[in-house]
Amino acid sequence: MIINGVTIDATFAEAFPMKATRAIITAQNEKWAIISAQAMTGFATSVIACGCEAGIERVLSPDETPDGRPGVSIMIFAMGGKGLAKQLETRAGQCVLTSPTSALFAGIDSDIKIPLGKNLRYFGDGFQIAKVLAGKRYWRIPVMDGEFLTEATTGQVNAVGGGNFLVLAESQPQALAACEAAIEEMRKIPNVIMPFPGGVVRSGSKVGSKYKALNASTNDAFCPTLKGATKSDLSPEIESVMEIVIDGLTKEDIDKAMRVGIQAVCNLGAANGIKRISAGNYGGKLGPFHFHLQEIMA
Amino acid sequence: MSALTFTLKTRPAQRVDMSPLVCQHLQGMEPAEIAAIELQSGKCKLRVDELFNISGSDTQTIVIKNSFEKLDFIGKDLDGGSIMVEGDAGAYLAMGIKSGDIKVSGNAGLYAGCEMKKGYLEIAGNTGDFLGGALPGNKMGMKGGLILVKGNAGERVGDHLRRGTILIEGNAGDYCGSRMTAGTIAVMGQTGRYLGYAMRRGTLLLWNPPTLSTSFNDCGTHTLAFLPMLFKAFAALNSRFADSAVAFNRVQRYAGDMAEMGRGEVLVRR
Chain A
1 MIINGVTIDA TFAEAFPMKA TRAIITAQNE KWAIISAQAM TGFATSVIAC GCEAGIERVL
61 SPDETPDGRP GVSIMIFAMG GKGLAKQLET RAGQCVLTSP TSALFAGIDS DIKIPLGKNL
121 RYFGDGFQIA KVLAGKRYWR IPVMDGEFLT EATTGQVNAV GGGNFLVLAE SQPQALAACE
181 AAIEEMRKIP NVIMPFPGGV VRSGSKVGSK YKALNASTND AFCPTLKGAT KSDLSPEIES
241 VMEIVIDGLT KEDIDKAMRV GIQAVCNLGA ANGIKRISAG NYGGKLGPFH FHLQEIMA
Chain B
1 MSALTFTLKT RPAQRVDMSP LVCQHLQGME PAEIAAIELQ SGKCKLRVDE LFNISGSDTQ
61 TIVIKNSFEK LDFIGKDLDG GSIMVEGDAG AYLAMGIKSG DIKVSGNAGL YAGCEMKKGY
121 LEIAGNTGDF LGGALPGNKM GMKGGLILVK GNAGERVGDH LRRGTILIEG NAGDYCGSRM
181 TAGTIAVMGQ TGRYLGYAMR RGTLLLWNPP TLSTSFNDCG THTLAFLPML FKAFAALNSR
241 FADSAVAFNR VQRYAGDMAE MGRGEVLVRR
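Here the protein sequences come in this chain order: A and B. At position 63 of the first sequence the residue is numbered 63 (my numbering), and the sequence of numbers has no breaks. At position 143 of the second sequence the residue is numbered 143 (my numbering), and the sequence of numbers has no breaks.
Worth double-checking, as some hints may not be accurate.
Straight-line alpha carbon distances no greater than 25 Å define the calculated DSS-like cross-link-like pairs of lysine-lysine that follow [claimed, not checked]:
no., chain 1, residue 1, chain 2, residue 2
1, A, Lys-113, B, Lys-117
2, B, Lys-118, A, Lys-118
3, A, Lys-82, A, Lys-31
4, A, Lys-113, B, Lys-65
5, A, Lys-113, B, Lys-98
6, B, Lys-232, A, Lys-113
7, B, Lys-118, B, Lys-45
Derived by calculation from the structure, the hints in this document are not laboratory data.
One chain only, chain B, in its complex shape (with noise of 0.2 Å):
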């Protein structure tokens, strides 16, 4: 059984909501169906198989291809299976999956993988605000899982994340990491302004010294038992978090946000 496949033909002028395409609503679906489903673009409804060439019939395994920046909600609160996308993904890929995997060979647009309770998201590029952050008026953002993203990442990563791991190959924008409440974010490239802040608890794993505002306290330098574990963690991945080079524990500490609750950490390689 090849992968449903989804081939753009051409691209809308307005930005398409694309989660009704996921593999646990189109279970057990005919294609004719499938081919039915109408899809939210602007203030229109548009058939499937009106924006796209449809082939294969494994639900569990979806490519869309030809993808661009105005496909929203692709892979909206999937449950199991797998989405690969081939270009780029609109704004809230991933929001709330709870299981599965989804990945992108292009660049994603704001709030990828916001919200996220379990699974796996892959950035092959770059991503707007927001990752893995908690939609406006929100308390919680990412609640666990795992999001890779081999470039760079918009202000405000992580914001309200609750647990999970965020990692980062390139380099991410200002307040990474704000009011998040526990998880993992790690950075191999450059951080921005107003690192951590207002983070309550959880830990920003750095490879480069940051700029810390004055409300992160330096506690020494520490070798930590956990550190290890936590790229053995990584060891699976296709990414650079796997290359036991790029491994450490030697580590300089610091605690805050002391504005916050202050039991946070920003750890950095030494």
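The following block holds chain A by itself, in its conformation from the complex (with noise of 0.2 Å):
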């Protein structure tokens, strides 16, 4: 398959399942729900050695969140359901507890609930106060500020972590420009983030290592500087991948977030030095889910 020149590979994504919650963060203004939200948001790339996976979905006007309040609505992602608890209740606790003006509020409803102030309350050393309204449990601490406002609990859901796409190019700064101009517009997607820095990756990894410490190592065979010393999948004229991973809470959302990415990504074309769109994946075996590139686009 070929879109305005860019070579859409026959390959495809592999996913895995994931726990999931999402909170929202207010404050006084836009900048101080963004600064809070980028620090609990913060260190999360991947669950490979930050615990979970987080990013900012989008922003919020203050008639879309509780406290009529500008907010930001931010997203965790986890192995497991202990681990995306933890996660979320040390970051709250040590981002959005810490963060001046800000409140903290359930971004998800679901059956199955974990602490998001619930346990921060202790930190009000017994002069937090409870109060039930319109069915929900808040806390209110009180910091210096003022008080902090947080709900008790956030709701966990099932999700998918993983999905990818790697842009090849013919320099470096036409791979990012492809690959910025895709976070735009996945940007727009509900549910999904992209949780790498600024929402790309270069840095790739394939599973093991020739070290036995590591379980993950450079994906070689996408290194445009190892392509006569490996067996490279770089043709002569890639000089630089870069990827896209995402997460979301369905399938569904992780398939439309890809194709209006790669669909950005192509509408540069082969004119703007991109040559290639290709996933990362481990042979189908490890991951349920199947991002089919050519599927996507068709």
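Could you fit the two chains together into a complex? Lean on the hints.
Here is the structure:
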């Protein structure tokens, strides 16, 4: 398949089941809501070493938030419910509770509840106050700038993590420009995050390493400087490869995000140095979710 | 299916225990069976059809017409469905209700909504003492749900209140919020003496400055983020509390009762 001179490989991305949650951070203004959200979703690019994958889903207007202030919707993904709950709580405690004027609310409903402010309340040292408003439990925790208002719990849902595609270009600036265009479009899709810095990862990995201590290492087949030194997947004109990883609530959400992302890359086309779109997989043996590029773009 | 309607024929001399006439007890009963239910009145038992004309068949929607202040225990332990009282209600209205809603077009007596667990109680007129309170000797009053009083409330509103919300559009008598352990009481009108007497936790939200005991300490003026959400939760009510013009988020905060735990608060509109 070729779109605007860009070859779409007959391959697929392989993704895994994950557990996910969503929270809404509000603040006095959008600037401080974003600062708090960035702190909460920082160091959360990959479950390999961060414990979770997290990102800002979108910025919310005051009429979309529970307390009528500007806000940000963030999502966190982890391999299991226990890990997710731990990450959510420590991040909320260190990054949102501490952030000036912030408040924290549940962003998703589910039968399975995980603590949001339920345990952070103990920071109040006995001065915390519970309020049940419209059937939901909140905690008011006295802090130095006033009160930190937080909902007690949020929902935990089944989700999909690890959807991806690779952008193969003639130069590094061209690969980055294409990825930036893709991310801009993909951020408009609800229920997904792209957890890497700016949504783009330049150090895609393969499973395993020559070093016993490591379980992942550089994806040498897609490293342009190793074209003559390893079994490369790259043709001579490819000088740079970048990857976009997508976590979403459902397979359909990731499908949509991949479609608009790949389309944005293809819109730049071969004229802008974009040669191929590929994807990372493990032969289909590890992850139950397969995203076939050509089917998605059909 | 029209509402099951009990229209009072004559006012009995003695008080009447109306507790058998709740939705969950009447569900699936034939009209003749309902008519044969005996209600305690003083030391006598009276059949329902001796006291009331009965019409309609929807046992989940009950209407009591020509009600007066001697009909006690209306809606006791109600667990789903609705009861509309046209006229006044006696003591122990909506005592211990678990779910459902009860509306009274007139006044209610003592202990309305006492030990209520969940659900909704609306009183268009005034109500007596111990609204949402605990029965004598008990340590826990209302544990959940919402009570709306459009008129005035008597003394000891929310005595031993554990959880839930009491909204009073008019005035509240002495000892409002006494011994409460949590929950919220909001009073738009005036409050009496000994406000929040021995309260441990919970919130008293006031539109007018109260006379506070010396065991309440001033914590200063604050803008509280939870207040807009609290008022938003009242937006669907048929009440002045739903009017955004009466909402506020700037308050004078007093902590107390320092003679007790001191974790309660009185918030007064600024």
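Check: Looking back at the numbered hints, which does the structure fail to meet, lowest number first?
Finding: Violated: hints 3, 4 and 7.
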